[in-house]
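Asks: Residue strings, one per chain:
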Amino acid sequence: MVIYVLLLIFFYVLVAYFEVPRMLKNRMRRELVSFIALSVLGFALAAGQILNLPLPNMNKAIEAVVRPVYQAVESRLVPPEYR
Amino acid sequence: MREEGRISAFQAMVYQISVILATLILFHPGITAMQARQDAWIAALIALFSALLVVFMAAKLALRFPDESVIQYAPRVMGWFFGKLAGLSYIFLFFWLAYYVQRQFGELMTTAYFPLTPNIVFILIITLLAAYMVYAGLEVLCRVALLWGIFVPAFFLLFMFIAKDINIGHFLPVLENGIGPAVAGSLLPGATMAEAAVILILMPFISDKRRAVPASLAAVAAVFVVFSIILVGSVGSFGADQTGRLLFPGFTLYRRLNIPALPVLERLDALYMAIWVGGMLLKLATLFYAGMLGLGQWLGLKSHRPLIFPMGALLVALSVRSWDNVVQLVNFTTEVAPFVVLSVTAVITGITLIVAVLRGMRGGPEEGGGKRASAADKKA
Chain A
39 MVIYVLLLIF
49 FYVLVAYFEV
59 PRMLKNRMRR
69 ELVSFIALSV
79 LGFALAAGQI
89 LNLPLPNMNK
99 AIEAVVRPVY
109 QAVESRLVPP
119 EYR
Chain B
2 MREEGRISAF
12 QAMVYQISVI
22 LATLILFHPG
32 ITAMQARQDA
42 WIAALIALFS
52 ALLVVFMAAK
62 LALRFPDESV
72 IQYAPRVMGW
82 FFGKLAGLSY
92 IFLFFWLAYY
102 VQRQFGELMT
112 TAYFPLTPNI
122 VFILIITLLA
132 AYMVYAGLEV
142 LCRVALLWGI
152 FVPAFFLLFM
162 FIAKDINIGH
172 FLPVLENGIG
182 PAVAGSLLPG
192 ATMAEAAVIL
202 ILMPFISDKR
212 RAVPASLAAV
222 AAVFVVFSII
232 LVGSVGSFGA
242 DQTGRLLFPG
252 FTLYRRLNIP
262 ALPVLERLDA
272 LYMAIWVGGM
282 LLKLATLFYA
292 GMLGLGQWLG
302 LKSHRPLIFP
312 MGALLVALSV
322 RSWDNVVQLV
332 NFTTEVAPFV
342 VLSVTAVITG
352 ITLIVAVLRG
362 MRGGPEEGGG
372 KRASAADKKA
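Sequences listed follow chains A and B, in order. Counting in our numbering, the first sequence runs from 39 upward without gaps. Counting in our numbering, the second sequence runs from 2 upward without gaps.
Treat the hints as calculated values from the structure; they're not laboratory data. Worth double-checking, as some hints may not be accurate.
[Unchecked claim] If the Cβ cut is set under 8 angstroms, some of the chain B residues that face chain A in the computed set are: (1) Q36; (2) G301; (3) S304; (4) L308; (5) F310; (6) P311; (7) A314; (8) L319; (9) W324; (10) V331; (11) F333; (12) V337; (13) V341.
[As the list claims (entries may be wrong)] Quick list of the computed label-pair ranges, beta carbon to beta carbon: (14) L91(A) to L173(B): 52 to 58 angstroms; (15) K98(A) to P215(B): 39 to 45 angstroms; (16) R68(A) to S208(B): 26 to 32 angstroms; (17) L359(B) to P59(A): 45 to 51 angstroms; (18) P174(B) to V43(A): 57 to 63 angstroms; (19) V51(A) to R211(B): 45 to 51 angstroms; (20) R268(B) to F48(A): 37 to 43 angstroms; (21) V51(A) to A164(B): 53 to 59 angstroms.
Just so you know, even glycine gets a beta-carbon here, dropped at the ideal spot from N, CA and C.
The whole structure should be built from the sequences, with the hints applied where relevant.
Replies: Quick look at the structure:
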């Protein structure tokens, strides 16, 4: 497990090694801030999954909103013997 | 934002086809057959017309503001807050579809071809390839899509060898339970075909803008033809019940295919896999590109390239996290996906178009630039 986290850190270091100097040279501050934000978010999610931490699942929230809509539509349109 | 190059309307059409095609021929024929039964072909027709309507709306909106993407003009049309929110929902849709595609790819590869290899391996490989393609830019992406697109018609022509197995009895009785099941079955393919609304992002890069509207409608019609070939072929030769139970009907259909005159060509599903894997890679790359371009414009960046690899890693993490297994994925595809896609491509596009029409807003060099120039002349 630790080896996977190390690999993940290695990946982000590799990407930063190629991307960050170019951004610093061209004075792209907004890009740098969003780069760091995306990297932190991605690292947190991936490392959390490797270490089996309880993370929020965005898709579950979408499902909770949408599924009642689907059920309402289905009960209108599809006769019971088709389900 | 750096100039991304120019593409023709035909290339935009190929881009739109590759956004739609690869997933439309995966789970979708089975799900449509499950919901609409023997009326699946009617469901496909309803899906075609609803998708044409949505895409026509999107293309008209894009043509009102030919030199900007929806992310850029939405804040002007609907006010800063709601415009930014609408832009974010488009970006969310593209990234959401992208990680959904990654997961579908991993699931088919592990279910049908490599049962012992973990899912994440395929997701990583396809994401690295797609990230490379997105890095290369729009023109490269469109040319690769065209290269893939050349093979697709030939590949689907092979389905005519299925025609001898089709039993018309499987399509009877027509509309046994009214139009309802067919409408329910049309939701998912209709929503998937409506993904051609990606024209909202592509429009500023198209060189012959007038032809963009017919080109987008042609893209929807082309994927409809492919989809209905697989749908009619599998319902006609297996029957609606069995097609509804199959996870990947197109794949099963292709495995059955044999050419009597050429008995050497057996197990043609390898060919299906070759085309489908390429299509899936292109689908991921095109959605990823649209999302990245939108994100760059939404945040007001000079270049979106530095964000490609972190975003790719985030998408991989999300795709692994979001579903537990393939059954959940199929249920999600049936019940949730069409509404999420339609709520952005149809509802938000519709609202933006209505507001733009009511306020009489137009972009582009002819109107906006012309007026500004004439005002400057008067002052002088």
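Asks: Are the hints correct? Go through all of them and say.
Replies: How the hints compare with the structure:
no. : hint                                  : result
1   : Q36                                   : holds (6 angstroms)
2   : G301                                  : holds (7 angstroms)
3   : S304                                  : holds (7 angstroms)
4   : L308                                  : holds (6 angstroms)
5   : F310                                  : holds (4 angstroms)
6   : P311                                  : holds (4 angstroms)
7   : A314                                  : holds (4 angstroms)
8   : L319                                  : holds (7 angstroms)
9   : W324                                  : holds (7 angstroms)
10  : V331                                  : violated (13 angstroms)
11  : F333                                  : holds (7 angstroms)
12  : V337                                  : holds (5 angstroms)
13  : V341                                  : holds (6 angstroms)
14  : L91(A) to L173(B): 52 to 58 angstroms : holds (55 angstroms)
15  : K98(A) to P215(B): 39 to 45 angstroms : holds (41 angstroms)
16  : R68(A) to S208(B): 26 to 32 angstroms : holds (29 angstroms)
17  : L359(B) to P59(A): 45 to 51 angstroms : holds (49 angstroms)
18  : P174(B) to V43(A): 57 to 63 angstroms : holds (60 angstroms)
19  : V51(A) to R211(B): 45 to 51 angstroms : holds (49 angstroms)
20  : R268(B) to F48(A): 37 to 43 angstroms : holds (41 angstroms)
21  : V51(A) to A164(B): 53 to 59 angstroms : holds (57 angstroms)
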